[in-house]
Amino acid sequence: MKPFGYVRPASTDEAVRLCAAGPGARFLGGGTNLVDLMKLGVEAPRVLVDVAGLPLDRVTRTADGGLSIGATARNSDLAAHPDVTRSYPVLSQALLAGASGQLRNSATTGGNLLQRTRCRYFQDVSKPCNKRLPGSGCPAREGTHRDLAILGHSPECVATHPSDMAVALAALDATVVLLGPEGERTVPLTGFHRLPGENPDQDTVIRPGELITEVVLPPPAPGAASRYRKARDRASFAFALVSVAATLRVEAGRVEHATLAFGGVAHRPWRARRAEAELRGAPATPAVFQHALIAELAEARPLRDNVFKVDLTRRLALDVLGELTARQSALSARTG
Amino acid sequence: MTTRAPQFPGAPVVRREARDKVTGTARYAADLAPAGCLYAWTVPATVAAGRVTAVRAVDALAVPGVHSVLTHDNAPELQEPDDPILAVLQDDRVPHHGWPIALVIAESLEAARTGAGELHVEYERDPYDVTLTDDHPGLYTPEEANGGHPAVRVRGDVERALAGASVQVDATYRTVALHNHPMEPHAATAVWADGHLTVHDSSQGSSRVRESLARAFGLDPDRITVVSEHVGGGFGSKGTTRPQAVLAAMAARHTGRPVKMVFPRPQLAEVVGHRAPTIQRVRLGADLDGVLTAVSHEIVTQTSTVKEFVEQAAVPARVMYASPHSRTVHRVTALDVPSPSWMRAPGEASGMYALESAMDELASALGLDPVELRLRNEPETEPDSGRPFSSRGLAACLRDGAARFGWHDRDPRPAARQEGRWLMGTGVASATYPVLVSRSTASAHAARDGALRIAVNATDIGTGARTVLAQIAAEALGVDPEAVRVDIGSTDLPVAPLAGGSSGTASWGWAVHKAATALAARLAEHRPLPADGITTTADTEEETGEESPYARHAFGAHFAETAVDAVTGEVRVRRLLGVYAAGRILNARTARSQFTGGMVMGIGMALTEDCGIDPDFGDFTARDLASYHVPVCADTADIQAHWIEEDDRHLNPMGSKGIGEIGIVGTAAAIGNAVRHATGARLRELPLTPDTLLPYLL
Numbered sequence: 143m144k145p146f147g148y149v150r151p152a153s154t155d156e157a158v159r160l161c162a163a164g165p166g167a168r169f170l171g172g173g174t175n176l177v178d179l180m181k182l183g184v185e186a187p188r189v190l191v192d193v194a195g196l197p198l199d200r201v202t203r204t205a206d207g208g209l210s211i212g213a214t215a216r217n218s219d220l221a222a223h224p225d226v227t228r229s230y231p232v233l234s235q236a237l238l239a240g241a242s243g244q245l246r247n248s249a250t251t252g253g254n255l256l257q258r259t260r261c262r263y264f265q266d267v268s269k270p271c272n273k274r275l276p277g278s279g280c281p282a283r284e285g286t287h288r289d290l291a292i293l294g295h296s297p298e299c300v301a302t303h304p305s306d307m308a309v310a311l312a313a314l315d316a317t318v319v320l321l322g323p324e325g326e327r328t329v330p331l332t333g334f335h336r337l338p339g340e341n342p343d344q345d346t347v348i349r350p351g352e353l354i355t356e357v358v359l360p361p362p363a364p365g366a367a368s369r370y371r372k373a374r375d376r377a378s379f380a381f382a383l384v385s386v387a388a389t390l391r392v393e394a395g396r397v398e399h400a401t402l403a404f405g406g407v408a409h410r411p412w413r414a415r416r417a418e419a420e421l422r423g424a425p426a427t428p429a430v431f432q433h434a435l436i437a438e439l440a441e442a443r444p445l446r447d448n449v450f451k452v453d454l455t456r457r458l459a460l461d462v463l464g465e466l467t468a469r470q471s472a473l474s475a476r477t478g
Numbered sequence: 117m118t119t120r121a122p123q124f125p126g127a128p129v130v131r132r133e134a135r136d137k138v139t140g141t142a143r144y145a146a147d148l149a150p151a152g153c154l155y156a157w158t159v160p161a162t163v164a165a166g167r168v169t170a171v172r173a174v175d176a177l178a179v180p181g182v183h184s185v186l187t188h189d190n191a192p193e194l195q196e197p198d199d200p201i202l203a204v205l206q207d208d209r210v211p212h213h214g215w216p217i218a219l220v221i222a223e224s225l226e227a228a229r230t231g232a233g234e235l236h237v238e239y240e241r242d243p244y245d246v247t248l249t250d251d252h253p254g255l256y257t258p259e260e261a262n263g264g265h266p267a268v269r270v271r272g273d274v275e276r277a278l279a280g281a282s283v284q285v286d287a288t289y290r291t292v293a294l295h296n297h298p299m300e301p302h303a304a305t306a307v308w309a310d311g312h313l314t315v316h317d318s319s320q321g322s323s324r325v326r327e328s329l330a331r332a333f334g335l336d337p338d339r340i341t342v343v344s345e346h347v348g349g350g351f352g353s354k355g356t357t358r359p360q361a362v363l364a365a366m367a368a369r370h371t372g373r374p375v376k377m378v379f380p381r382p383q384l385a386e387v388v389g390h391r392a393p394t395i396q397r398v399r400l401g402a403d404l405d406g407v408l409t410a411v412s413h414e415i416v417t418q419t420s421t422v423k424e425f426v427e428q429a430a431v432p433a434r435v436m437y438a439s440p441h442s443r444t445v446h447r448v449t450a451l452d453v454p455s456p457s458w459m460r461a462p463g464e465a466s467g468m469y470a471l472e473s474a475m476d477e478l479a480s481a482l483g484l485d486p487v488e489l490r491l492r493n494e495p496e497t498e499p500d501s502g503r504p505f506s507s508r509g510l511a512a513c514l515r516d517g518a519a520r521f522g523w524h525d526r527d528p529r530p531a532a533r534q535e536g537r538w539l540m541g542t543g544v545a546s547a548t549y550p551v552l553v554s555r556s557t558a559s560a561h562a563a564r565d566g567a568l569r570i571a572v573n574a575t576d577i578g579t580g581a582r583t584v585l586a587q588i589a590a591e592a593l594g595v596d597p598e599a600v601r602v603d604i605g606s607t608d609l610p611v612a613p614l615a616g617g618s619s620g621t622a623s624w625g626w627a628v629h630k631a632a633t634a635l636a637a638r639l640a641e642h643r644p645l646p647a648d649g650i651t652t653t654a655d656t657e658e659e660t661g662e663e664s665p666y667a668r669h670a671f672g673a674h675f676a677e678t679a680v681d682a683v684t685g686e687v688r689v690r691r692l693l694g695v696y697a698a699g700r701i702l703n704a705r706t707a708r709s710q711f712t713g714g715m716v717m718g719i720g721m722a723l724t725e726d727c728g729i730d731p732d733f734g735d736f737t738a739r740d741l742a743s744y745h746v747p748v749c750a751d752t753a754d755i756q757a758h759w760i761e762e763d764d765r766h767l768n769p770m771g772s773k774g775i776g777e778i779g780i781v782g783t784a785a786a787i788g789n790a791v792r793h794a795t796g797a798r799l800r801e802l803p804l805t806p807d808t809l810l811p812y813l814l
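Protein sequence lines correspond, in order, to chains A and P. Its first residue numbered 143, the first sequence is counted upward by one per residue in this note's numbering. Its first residue numbered 117, the second sequence is counted upward by one per residue in this note's numbering.
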């Protein structure tokens, strides 16, 4: 690890100013990924601007009944927050499916969104990687890629975004609030992470010096149930092979509301818009779900060793939708 | 009345150093920082085969704090080491990816590492081959497999017996390369002072490390002290001398200052050995009653171009089941890979996965209960050698385990049980591990004030060796274990073998028992004690030198209940139960942790662990603990170890067999057999990850 500077700004404005002051500055949240990458030589910041102590850790109800999540709220705290467990269980489940207890205690909301791919070539500085060193090539495409993308990848990059939390936030239509040298702006979470295209070095649309200050959730969809499920190689402390976040409301046997997002399959949380469009207003039956998922996954382009992910995504999503439908009918049976 | 807990043989005495370890006061090899200590960082080769043509160190040496850079051009010249993997920085050859090609030495770890990043290395690349196949053109039959076992053994006419068998199994199983990954990485701190070399090394046996260093540096062993006071696991990877000891000593000699070096986790995979991958064809022939007529076990495996190491995976088939016709064969090919080596139960762990899976296939083919099938093939004598068993508790373990596990209620039909979304199944497999013992020396001392001290260069790699040796000495001396001080972990103590082959306690304990017994006799004669006390010494050369007329092995049975997610193919082990017959158990607490630790490692072998090898770069792809998946707590729900007391007079004075490795043997087969019972899918390649199960799920 190369020597680096370390500063603890007193305010968000100062943090942004410090980071914009020159190249090579990085915001430090929980450090659970950035510090690893520094040890691996992937990142060599000139200065770390530690934002973990800024007063951005609050989780509060918004005026419209949504939820504002401060960027430095710890993953553990957020997962256990009563408003989250009550109104957005999919988010709590996703958080608890990620990493380990110790890491969740340290990891922040903003840092979680900005974590980098765990593609083994990206993490190994002795090898080419277009994300780490643009133009150097992508050995993953022909190499070790069982864990990598099946959707939205490019000839330059087949990396996946590793976050669980972000998949739930994608399904919840969250918004990311950014503070930069030119002021504040908001970006929908589904547009926050990019597809790799020809510039896989850019994971997100964040601009130089911009700081995530909060993530805002709209009010929960009335009457909808939600669920996060993750398939992985071991029971804990493993990244998703595939994960599914869904919210669903079924009325009189028809889908009134559905959002669906996949993790572990693309360079960003994959919001399954096509499937959602097929589901909306359609009968809540396995055949309909199946058809919608097949339509969504028609554009999958799996690599040699991750063909299984197409099937795994379909199966897991089908099961989640079935589970949510069953819960909705049980609920309506009780209340009806 | 005394309130002291009874100290019966096998008492669950708490590890003596437990408090030191959990409070962080126990000192490991890299915890020392002698005054003026320098730090060394290795630079691994980034090509899989070839030569180093240039190392430009100007930029590295310009890094503030960098003291020097050692390469094959300027490193101290070594004598031919006793293990070719120790011939580091001696020539320009790169035999595999990750081979150390330079050492950067600096005033701080950070400077050493930064310097390493500034080193410019040029290579001449040779073509390379890192892929094991069952028809690899380089395959040959070696003389011996690991452990000195003949590579080939043939009894009778297997082909004919197979052809004539009423029921046959012919199946090929594959295991992948695995890594030991002990918690503590390989580390050494070396000091040269007044012509004496002292190395604190993370090893499983410092006597052996001292021999290696003496040979490599051309030194009298008396001028070398190697200390391994506390060792954070080894699982075989620290059983042989590893490059960190040589590199640290080299750097200390070159600089004239103490040097510390720790292999970082991602480099470990390529310098401390791996369990070689295997391709194993097992053929079984049986009559309709399930009595075996033929057993054929053929191994294909890999070694490196640096040395020959042959995973002796067909050896357990020479021990397990009666059969008039048998053929056990090892073939190996030298690839451009790091040198494979010992990993917990080398041979048995891989071989029993295949053999015990094939036995399950045979039971299915016969429609016979797999426990019953094994019981029907119990041999009178060791099948391969014809020697009588000193004791053989396999049948007892199978019966006891079956009762404890609730095996007899089992519905044998595959894919017939579901709990929610989980497909449930159970499986069984046998386990075996040989009784090994080596010559050891030890001393026992009674001071005038009555204080008792045992000295032996044993190594505690986390097993509780200090504690068990105190128990052995205390029993011989007729005192409480707490009254006995035990000094281990330094070559300044009486010479002793390494902690490996599940033989440490037997080897050291025998010498300790002998010295303590002699001391007890002397103490009975001498009252009062002389001013400088009484010392007795023991050497078990004679006792351990004779070959036993008996076949001596520990046995065991593993029972697994697995749940397979019908949607995702994720496999979870709900229950794992092992029953062992391993002679006399000397400490119930530390023994249980050895057994269950082996079982947990078996879960990893079955379900999650896979180094992966990258054919494009020639390196292992899973080199850290984020990508190399060892089981976590959530993977180890209900794990039980039980044992059957054996009174075997043909072992050693304690009556013990080794227990450090048998827990992993057969565990993967039991899990694989349970997965087959749960799903109907017979997978023959480990690990059983979700992608491998998915094609078989509805």
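The set of hints was computed from the structure by calculation and includes no laboratory data. You may find that some hints are simply not true.
Stated by the list, open to error - Which chain P residues face chain A? A few, computed with CB under 10 Å, are given here: (1) GLU223; (2) HIS561; (3) ASP565; (4) VAL683; (5) ALA742; (6) SER743.
What the hints assert, rightly or not - So these bits of chain P aren't anywhere near chain A, every CB distance computed over 10 Å: (7) GLU657; (8) VAL748; (9) ASP807.
Think of the CB as a built atom: it goes at the ideal place given N, C-alpha and C, for glycine as much as any other residue.
Hints, verified against the model:
1. GLU223: With Cβ-Cβ at 13 Å, over 10 Å, it is violated.
2. HIS561: Violated, because the Cβ-Cβ distance from HIS561/P to chain A comes to roughly 46 Å (cut-off 10 Å).
3. ASP565: Violated: closest Cβ of chain A sits about 48 Å from ASP565/P, beyond 10 Å.
4. VAL683: holds (5 Å)
5. ALA742: Since the shortest Cβ distance to chain A is 7 Å, the answer is holds.
6. SER743: holds (6 Å)
7. GLU657: Per Cβ check, GLU657/P is outside 10 Å of chain A; nearest 47 Å; holds.
8. VAL748: At about 5 Å from chain A, VAL748/P fails to clear the 10 Å cut-off, so the statement is violated.
9. ASP807: ASP807/P is in fact no farther than 10 Å from some Cβ atom of chain A, at 4 Å.
Against the hints set out earlier in the document, violations occur for numbers 1, 2, 3, 8, 9.
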